[in-house]
Amino acid sequence: MCYYNGQKVTKAEYITLMELEKSIAGMAELKRPTVLGPESPPMAVLKPNDDRTDFDVTTMRWGFIPKGLKNMEMVKKFENGYKKEDGTFQTGYDTENARGEELLWINPKTNKPKIFKDAALSSRCLIISNQYYEWHHKYRINKKTGEPLKTPDKYPFAIKVKGREYFYMAGIWNTWTDQDTGETMDTLSMITTDANPMAALIHNSKKRMPTILPDKLAWEWMMTTVTPERMTELASFQFPEDHMEAFSINQKFQLSGEDPYPVTYPELAEDGLPGAYSTQISLF
Amino acid sequence: MLFLPDEFELEYGDMLLKIKIHTMVDRKVFEIAFPDGRKNLMISRSKVFDGKKVWMSIPEGRQQEAIPIGAKIVEYFKNQ
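Residue numbers (numbering that gives the first Met the number 0), protein chains in the order written: chain A, 0 to 283; chain B, 0 to 79.
Treat the hints with care, as some may be off.
Capping the alpha-carbon separation at 16 Å, the derived lysine to aspartate or glutamate pairs in EDC-like fashion look like this [as the list claims (entries may be wrong)]: (1) A:Lys69 x A:Glu182; (2) B:Lys19 x A:Glu164; (3) B:Lys52 x A:Glu164.
No wet-lab data here; the hints were simulated from the structure.
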């Protein structure tokens, strides 16, 4: 028998109550305004304990910081790029996302793995999300030349899992210490995979999507020891489109500090996109 | 009542509580918002060792609120 709230409950009931407690803690994190990128508030994450017998709901910085970076000044340079002594510009690295199928990839020129390799093999976590956001690119036609403009108009969409208050996305993390200040933080990269047809229609510039894992695979990803081959399989899992739904939302929602709301853009009506657009097509 | 509403209101003393129903870990969890600024309370009905069902606050620590409000929720659904 175990105690919960001063009542004697069975061990099974106690485990259920603890799981509920963790779900509620995760839900509280989800109620915060939209999170996008390293400058935003930390992301809600499930993180296993050292021997993978239990897990905690915690928060992490979105933007994986590799161990070799000494302080936050170096991190900024690494992420944003910087001008080198010879006057050329060193491009920054995007570590918010890591391609699932390339986590163990070895660069044939340098014979070195990607910075994500060790974390992919040993530090896997789950990002808790109620929806994620992608931008659909549409190139308007130049009225004078009849050619598409070079710069697209971008339309944000919210994408969810049907019937789920929240779902799990595969992540990897690294605990990083700023050697100047001694500050330690868990930093996170979200795993991505090839987009399913619906996600590819929305995110038509890159045709990628987060690796969303059903409950059983999510457990396997975070709580079990897997072979490198199985890890890559899980990291590349493509969540089926018929379990997802999406709708277009207000522009610049990420700057408002508030949750986005649905907006229908008339200029997208003919593009076969999900949400209100599919209803319009079926009506006419 | 065929379907549970997602949200409903409940009179409790001189307060009107706003209640949301969530499904988590295959359980119904009720989130109670108070008009007096108190932190929202999450409660769920749990079976204790002798087979009786008891309203529990999740996380622990607000059992004194969970039991009477839980009883009001049961009463609300009985009257629907």
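Structure-based check of each hint:
1. A:Lys69 x A:Glu182: holds (11 Å)
2. B:Lys19 x A:Glu164: holds (13 Å)
3. B:Lys52 x A:Glu164: Violated: Lys52 (chain B) and Glu164 (chain A) sit about 26 Å apart, past 16 Å.
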